[in-house]
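Enquirer: Now for the letters of each chain:
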Amino acid sequence: MSALRVLTAAAPRLAAVLLGAACVAWTAVPPRHTGLATLALVVSIIAVVAGALRLALADVPQPEEGFFPSAPVRAWLTFLAVLRGLPWEEIAVVALLWLEVQHSARTSWSPWHTAALGFGLVAYLLAVHIAESGAPAGRLLRRQAKLLLAGACLLALGAGFAMLPAAGPGAGSALLRVLAAAAVVAAAALVLPGRD
Amino acid sequence: MAGPVQQVEVRWRPSRHARRLLTLALAGLLLATLTRRPELVGVAAPALLLLGVALPGRPGRPGRPARLAVRVGLASSRLYEGELAAVDLAVDDTRFDTRWLLEAGRGVEPASATAVNGAAARFEFTVPRWGRRQLGSAALVLHDPWRLTEGRAEVALPAVDCYPQPAVERTRVVLSRLPNRLGEHAARAPGEGTEFAGVREYVPGDRQRAINWPASTRLGRLQVNTFAAERSQDIVLVVDATSDVGPPGTSALDLGLRGAAGAARAYLDGRDRVGVICYQWGGARWLAPSLGRRQFYKIIDTMLSADAGWGRGETFSRLPRAALPPGALVVVFSPLLDQRFVETLRDMRERGFGLFVVDVLNTVPPPRRTFSDAMTRRIWRMEQQAIRFALRELGVPVVHWDGAAPLDLPLAPYTRRPLVVHR
Chain A
21 MSALRVLTAA
31 APRLAAVLLG
41 AACVAWTAVP
51 PRHTGLATLA
61 LVVSIIAVVA
71 GALRLALADV
81 PQPEEGFFPS
91 APVRAWLTFL
101 AVLRGLPWEE
111 IAVVALLWLE
121 VQHSARTSWS
131 PWHTAALGFG
141 LVAYLLAVHI
151 AESGAPAGRL
161 LRRQAKLLLA
171 GACLLALGAG
181 FAMLPAAGPG
191 AGSALLRVLA
201 AAAVVAAAAL
211 VLPGRD
Chain B
23 MAGPVQQVEV
33 RWRPSRHARR
43 LLTLALAGLL
53 LATLTRRPEL
63 VGVAAPALLL
73 LGVALPGRPG
83 RPGRPARLAV
93 RVGLASSRLY
103 EGELAAVDLA
113 VDDTRFDTRW
123 LLEAGRGVEP
133 ASATAVNGAA
143 ARFEFTVPRW
153 GRRQLGSAAL
163 VLHDPWRLTE
173 GRAEVALPAV
183 DCYPQPAVER
193 TRVVLSRLPN
203 RLGEHAARAP
213 GEGTEFAGVR
223 EYVPGDRQRA
233 INWPASTRLG
243 RLQVNTFAAE
253 RSQDIVLVVD
263 ATSDVGPPGT
273 SALDLGLRGA
283 AGAARAYLDG
293 RDRVGVICYQ
303 WGGARWLAPS
313 LGRRQFYKII
323 DTMLSADAGW
333 GRGETFSRLP
343 RAALPPGALV
353 VVFSPLLDQR
363 FVETLRDMRE
373 RGFGLFVVDV
383 LNTVPPPRRT
393 FSDAMTRRIW
403 RMEQQAIRFA
413 LRELGVPVVH
423 WDGAAPLDLP
433 LAPYTRRPLV
443 VHR
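Residue numbers (my numbering), protein chains in the order written: chain A, 21 to 216; chain B, 23 to 445.
No lab work stands behind these hints, which were simulated from the structure alone.
All figures in this text were calculated on a predicted structure; none of them were measured in a lab.
Honestly, I wouldn't trust all of these hints.
Anything over 12 Å on all C-beta distances counts as not near chain A; from chain B, calculated [to be verified]:
| id | residue |
| --- | --- |
| 1 | His39 |
| 2 | Thr45 |
| 3 | Ala137 |
| 4 | Ser159 |
Which stretches of chain B does chain A cover? Using the computed rule of at least three CB atoms under 8 Å from a CB of chain A, they are [claimed, not checked]:
| id | stretch |
| --- | --- |
| 5 | 167-175 |
| 6 | 234-245 |
| 7 | 396-404 |
Covered stretches of chain A (chain B as the covering partner; in silico rule of three or more C-beta atoms under 8 Å from a C-beta of chain B) [claimed, not checked]:
| id | stretch |
| --- | --- |
| 8 | 67-77 |
| 9 | 161-168 |
The beta-carbon is built from N, C-alpha and C at its ideal position, and this holds for glycine as well.
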């Protein structure tokens, strides 16, 4: 197999790994040393690494079951089962969002930071799907380009909502902003046609 | 593409991609509500938009068929060990993004990528060891344009018959006494062949073109050339399937079948009548000698049955009479481990058959350190030597074949001149 073919096959997996690592780095900086933040960081790193390993070992066939397998074979089978059985990407997404929430007192540009993370997470999930399904990336992205663009606009809108001054000092006005943002997103999701 | 059509059932469910997007959307919305941060709703927005277009009833969303027609085409249902073959798969419905995943069966090695995108796919494979093999199955995965729902179907792949790779054999062992049947081997008897046999005095009725003029001039009387008759012989190949020792792929039975297949091809090419007997526990499968290319495939089909039928315990000592025509040359492929089989060979020899044994035993018991094990191993070796010596004493040539070299090499001392069988 030529180097070009190997690179072509490995490129989506490499992209997924890099996007996952970028999301972790983006969320983790500046480091916070509270217990929950550290836990979320560790979980997200483990989940991204495990997801990367799952993609890397996707072509390794499951060894045939035999009688009395040796300890290394049993360990390998267990490792593959854990790697392929758990939803690592979902775990990584939840852990990263939780870690992002821990950085609530970051700076005034915090909403834009979260919006960028949201964009990175969607890109990460798309890259993982392309890597594991072997789907042609160009065709897939062309089909979903308009929707992704609309999603990016809503992402920016959400960040904009967060930067609006609250109507009052209470928790109710903050919740109202959240509901307003959710209503805009729901309306867009229902109104947008399903054609590419 | 030619090939039978299978109707397969498709099971639809949300794709992993959809589950991940749903997780992102729900986590974003939940955290936004809990922390009262609207930007987290924005994080959920792209995922919600993508999930929204996949809702039922949306335009541009193809229906989900419960069954699909899949064409499965196999280039050949018969192949030799290690030969590259391919199976073609195609689905008629092109509305979905299609992915094929091959799950090879036992004893089948994929020789190309095991996952292919597209409405049609070709999977190449090899079968390293003879026998009847199920190719396995292919998973058909259908994705909608948004990659949010996936349909899965299992396509059962057909079985193939893998023939043992015939050993290389170009030369043939020929008996000194051949039956009176037209063939290609030069016999001792004079006849109408092409091989020069000698010169004799002319008798009325001899053909004029047979006159040897130099000899006639020298002797002063008319002399004519005589030629050897050309005859064919009956060959019976005996494969000992009672003992399969050695590593898979180069075991005694593997070598026996490959050697027998090579010998069958060589003798059938020489217009001989070839038959086969598979000697195994509880009985024998046999095929009476015959001519032609079809006979070669019949022989191999008979030999493939050695893959099954290991009914131990049944007694069996004499080979079937109908499978052994009088005056036939019996070529035996055996590791000579089963004493009953050796007795059967003795019996055949005593019945006057010309026997030739190719010893395919290429493994020995593993060496161990204890004295008793070493002694047992030595006794086993001596026993093996005694069996071979006893056969040679009966006038049965025994040659050893390692399976790697051409079969011509061990047979060389016996292919240069006719094999004389003493009764």
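Enquirer: Compare the structure with each hint and give your call.
Expert: Each hint tested on the structure:
With 12 Å as the threshold on Cβ separation, the claim that His39 (chain B) sits away from chain A is violated: the shortest Cβ distance comes to roughly 4 Å. For Thr45 (chain B), the non-interface assignment is contradicted: its Cβ lies about 4 Å from the closest Cβ of chain A, within the 12 Å cut-off. With a closest Cβ-Cβ approach of about 6 Å to chain A, Ala137 (chain B) is found to fall inside the 12 Å limit, against its non-interface label. The beta carbon of Ser159 (chain B) is kept farther than 12 Å from every beta carbon of chain A, the shortest such distance being approximately 14 Å.
Under a criterion of three residues with beta carbons nearer than 8 Å to beta carbons of chain A, the stated coverage of the stretch 167-175 of chain B is upheld, 3 such residues being counted. Here the stretch 234-245 of chain B counts 0 residues with a CB under 8 Å from a CB of chain A, which misses the bar of 3, and the coverage is violated. Under the rule that three or more residues need a Cβ within less than 8 Å of chain A, the assignment of the stretch 396-404 of chain B is violated, with 0 such residues. By the rule of at least three residues with a Cβ nearer than 8 Å to a Cβ of chain B, the coverage given for the stretch 67-77 of chain A is violated, with 0 such residues.
Under the rule that three or more residues need a Cβ within less than 8 Å of chain B, the assignment of the stretch 161-168 of chain A holds, with 4 such residues.
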